[in-house]
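Protein chains in written order, with my numbering: chain A, 1 to 234; chain B, 1 to 234.
Be aware that one or more of the hints could be misleading.
Given that identical chains are not distinguished, each listed pair holds provided it fits within a single copy or across any two copies.
[Claimed, not checked] Calculated cross-link-like contacts (lysine-lysine; reagent style DSS-like; alpha-carbon spacing at most 30 Å):
{"id": "1", "residue 1": "Lys50", "residue 2": "Lys154"}
{"id": "2", "residue 1": "Lys225", "residue 2": "Lys4"}
{"id": "3", "residue 1": "Lys149", "residue 2": "Lys225"}
{"id": "4", "residue 1": "Lys153", "residue 2": "Lys43"}
{"id": "5", "residue 1": "Lys153", "residue 2": "Lys141"}
{"id": "6", "residue 1": "Lys50", "residue 2": "Lys118"}
{"id": "7", "residue 1": "Lys234", "residue 2": "Lys68"}
{"id": "8", "residue 1": "Lys211", "residue 2": "Lys50"}
{"id": "9", "residue 1": "Lys68", "residue 2": "Lys220"}
{"id": "10", "residue 1": "Lys4", "residue 2": "Lys79"}
{"id": "11", "residue 1": "Lys108", "residue 2": "Lys141"}
{"id": "12", "residue 1": "Lys118", "residue 2": "Lys149"}
{"id": "13", "residue 1": "Lys234", "residue 2": "Lys141"}
{"id": "14", "residue 1": "Lys153", "residue 2": "Lys220"}
{"id": "15", "residue 1": "Lys68", "residue 2": "Lys211"}
{"id": "16", "residue 1": "Lys190", "residue 2": "Lys50"}
{"id": "17", "residue 1": "Lys43", "residue 2": "Lys154"}
{"id": "18", "residue 1": "Lys149", "residue 2": "Lys4"}
Calculated directly from the structure, the hints in this document are not laboratory data.
There are 2 protein chains.
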Amino acid sequence: MKDKNTLFLVPVGLSDTSIDWYLPHNVLETIHSITHFIVENAKTARHFLKFINHPTPLQSIEIYELDKHDLPAQISDLKTFLSSYHRIGLMSEAGLPCIADPGTHVVKLAHEMNLQVKPLTGPSSILLALIASGFNGQSFKFLGYIPTKGLDKKTVLQQLENEAIHTTQLFIEAPYRNDQLMTDLCQILKPTTMLMLAIDLTGENENIISKPVSWWQQNKFVIGKVPCLFAIGK
Amino acid sequence: MKDKNTLFLVPVGLSDTSIDWYLPHNVLETIHSITHFIVENAKTARHFLKFINHPTPLQSIEIYELDKHDLPAQISDLKTFLSSYHRIGLMSEAGLPCIADPGTHVVKLAHEMNLQVKPLTGPSSILLALIASGFNGQSFKFLGYIPTKGLDKKTVLQQLENEAIHTTQLFIEAPYRNDQLMTDLCQILKPTTMLMLAIDLTGENENIISKPVSWWQQNKFVIGKVPCLFAIGK
Numbered sequence: 001m002k003d004k005n006t007l008f009l010v011p012v013g014l015s016d017t018s019i020d021w022y023l024p025h026n027v028l029e030t031i032h033s034i035t036h037f038i039v040e041n042a043k044t045a046r047h048f049l050k051f052i053n054h055p056t057p058l059q060s061i062e063i064y065e066l067d068k069h070d071l072p073a074q075i076s077d078l079k080t081f082l083s084s085y086h087r088i089g090l091m092s093e094a095g096l097p098c099i100a101d102p103g104t105h106v107v108k109l110a111h112e113m114n115l116q117v118k119p120l121t122g123p124s125s126i127l128l129a130l131i132a133s134g135f136n137g138q139s140f141k142f143l144g145y146i147p148t149k150g151l152d153k154k155t156v157l158q159q160l161e162n163e164a165i166h167t168t169q170l171f172i173e174a175p176y177r178n179d180q181l182m183t184d185l186c187q188i189l190k191p192t193t194m195l196m197l198a199i200d201l202t203g204e205n206e207n208i209i210s211k212p213v214s215w216w217q218q219n220k221f222v223i224g225k226v227p228c229l230f231a232i233g234k
Numbered sequence: 001m002k003d004k005n006t007l008f009l010v011p012v013g014l015s016d017t018s019i020d021w022y023l024p025h026n027v028l029e030t031i032h033s034i035t036h037f038i039v040e041n042a043k044t045a046r047h048f049l050k051f052i053n054h055p056t057p058l059q060s061i062e063i064y065e066l067d068k069h070d071l072p073a074q075i076s077d078l079k080t081f082l083s084s085y086h087r088i089g090l091m092s093e094a095g096l097p098c099i100a101d102p103g104t105h106v107v108k109l110a111h112e113m114n115l116q117v118k119p120l121t122g123p124s125s126i127l128l129a130l131i132a133s134g135f136n137g138q139s140f141k142f143l144g145y146i147p148t149k150g151l152d153k154k155t156v157l158q159q160l161e162n163e164a165i166h167t168t169q170l171f172i173e174a175p176y177r178n179d180q181l182m183t184d185l186c187q188i189l190k191p192t193t194m195l196m197l198a199i200d201l202t203g204e205n206e207n208i209i210s211k212p213v214s215w216w217q218q219n220k221f222v223i224g225k226v227p228c229l230f231a232i233g234k
């Protein structure tokens, strides 16, 4: 009996720190043994495969890039890809796939096609930030960018603050807007609300601070244009 | 200037599989360099330290066991412990701390005391199950054991089913009750509702199946007395 095809959920590094900090040995060997990948972004996927010294030349590795704007149109191509190869890797742009990226659709399809789905251990910025926040870890929501388009910023942030009482709210901002968002958060949120910043996770300048808004107001902390994850919680 | 004391959030294995599957090299070395731990369960913590061949004899490692039933009474002891040592590890019973265990209180305290908090990459059964489910990965809730005590089982499971439309619901059961819970889920949930089982994650018999309830009804799947994570989602 032929073994089932396997879809490996492949972790990608969060920073250019040594892989010895975030990839277990056998996970690295597994990635090295895969030559067919479905990815969120082909360019960053190739960068990562090069970074981990994948033994197969890049031009011999087949990479299928997801078009997040039109996933339904790709279902038939994806099905062909998934049924054609024995070992397939799924990668997001950073961290673990399927938390906030189109990878979820690929996993859904894999289950429909009775493939084996094999999640590999690796870093997740969202999970690392969550556990380091000291906030409720049993119930959380990752919002991506805060949706403010066409909405009143104050109303949106106050609603977030209310939901954070029961469910930790995690979000990001475009790095060049980090400090503008910080100014807004300090102006709009209650002084007692807890706010965490997780800067450059797993990187050399990692810095995780979890304090009440009043502390942030007093300390006039400058984030700069660096990767930063924000969380409000309890 | 003295460096800040650091609280490391230490990952623990989920199964007796080789650590090469779940611990990055530098994370292992970091754990090997720590001799003071705050833990959920002293016995399993010692088992893990032995399993990873910690170079310090176990009797020379100081282990502070959290009493989850009376955390407020321990705050003063915990503060003393956290301020006394330069490098402290925090461990739950399995996987990453602070998702569904008393570790969150320790991290909160560490932030209040301005310690550095350093989350280490490792396996989390909840996160591995979540990403392998194909369900919504941006919003999830981990319930631990489903709270049915004194409540109508049918009402509880149907409420879970409703919430799962927006937020993936993850839960566990005592292994000897796995199949009873499965019978209940198959009887009470709608046939179209998606149900995932993640059995023996990272272990030799890992098996992850994500199917509609109608499939589970027809296939009369037997879980047995093994570690299993359940999820309902979309």
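Okay, the hints, checked on the actual structure:
Proximity of Lys50 to Lys154 under the C-alpha cut-off of 30 Å is found in neither arrangement, the shortest distances being 44 Å within a copy and 52 Å between copies. When the C-alpha separation of Lys225 and Lys4 is checked against a cutoff of 30 Å, the pair qualifies only between copies, where the shortest distance is 25 Å, while the shortest distance within a copy is 45 Å. For a Cα distance limit of 30 Å, the shortest separation of Lys149 from Lys225 inside one copy, 22 Å, qualifies, whereas the shortest one across copies, 50 Å, does not. In this homomeric assembly, Lys153 and Lys43 never come within 30 Å of each other (Cα to Cα): the closest approach is 34 Å inside a single copy and 50 Å across copies.
Taking the closest pair of Cα atoms, Lys153 and Lys141 come within 30 Å of each other both inside a single copy (19 Å) and across two copies (27 Å). Both within a single protomer and between protomers do Lys50 and Lys118 lie at most 30 Å apart by alpha-carbon distance, with minima of 23 Å and 28 Å respectively. Taking the shortest alpha-carbon separations for Lys234 and Lys68, only the inter-copy value of 18 Å comes in at or below 30 Å, while the best intra-copy value is 33 Å. When the C-alpha separation of Lys211 and Lys50 is checked against a cutoff of 30 Å, the pair qualifies neither within a copy, at 39 Å, nor between copies, at 36 Å.
Taking the closest pair of Cα atoms, Lys68 and Lys220 never come within 30 Å of each other, the shortest separation being 38 Å inside a single copy and 36 Å across copies. With identical chains, the CA atoms of Lys4 and Lys79 are at most 30 Å apart within one copy only, with a shortest distance of 14 Å there and 52 Å across copies. Taking the closest pair of Cα atoms, Lys108 and Lys141 come within 30 Å of each other both inside a single copy (20 Å) and across two copies (19 Å). Proximity of Lys118 to Lys149 under the C-alpha cut-off of 30 Å is found in neither arrangement, the shortest distances being 37 Å within a copy and 34 Å between copies.
When the C-alpha separation of Lys234 and Lys141 is checked against a cutoff of 30 Å, the pair qualifies both within a copy, at 13 Å, and between copies, at 15 Å. Taking the closest pair of Cα atoms, Lys153 and Lys220 come within 30 Å of each other only inside a single copy of the chain (21 Å); across copies the shortest separation is 51 Å, beyond that limit. For a Cα distance limit of 30 Å, the shortest separation of Lys68 from Lys211 across copies, 24 Å, qualifies, whereas the shortest one inside one copy, 36 Å, does not. Taking identical chains as interchangeable, the C-alpha atoms of Lys190 and Lys50 are never at most 30 Å apart, the minima being 46 Å within one chain and 47 Å between chains.
In the homo-oligomer, the alpha carbons of Lys43 and Lys154 never lie at most 30 Å apart, since the shortest distance is 37 Å inside one protomer and 49 Å across protomers. Within a single copy, Lys149 and Lys4 get their C-alpha atoms no closer than 45 Å, and across copies no closer than 41 Å, so neither meets the 30 Å cut-off.
In the structure shown, a violation is registered for the earlier hints numbered 1, 4, 8, 9, 12, 16, 17 and 18, in ascending order.
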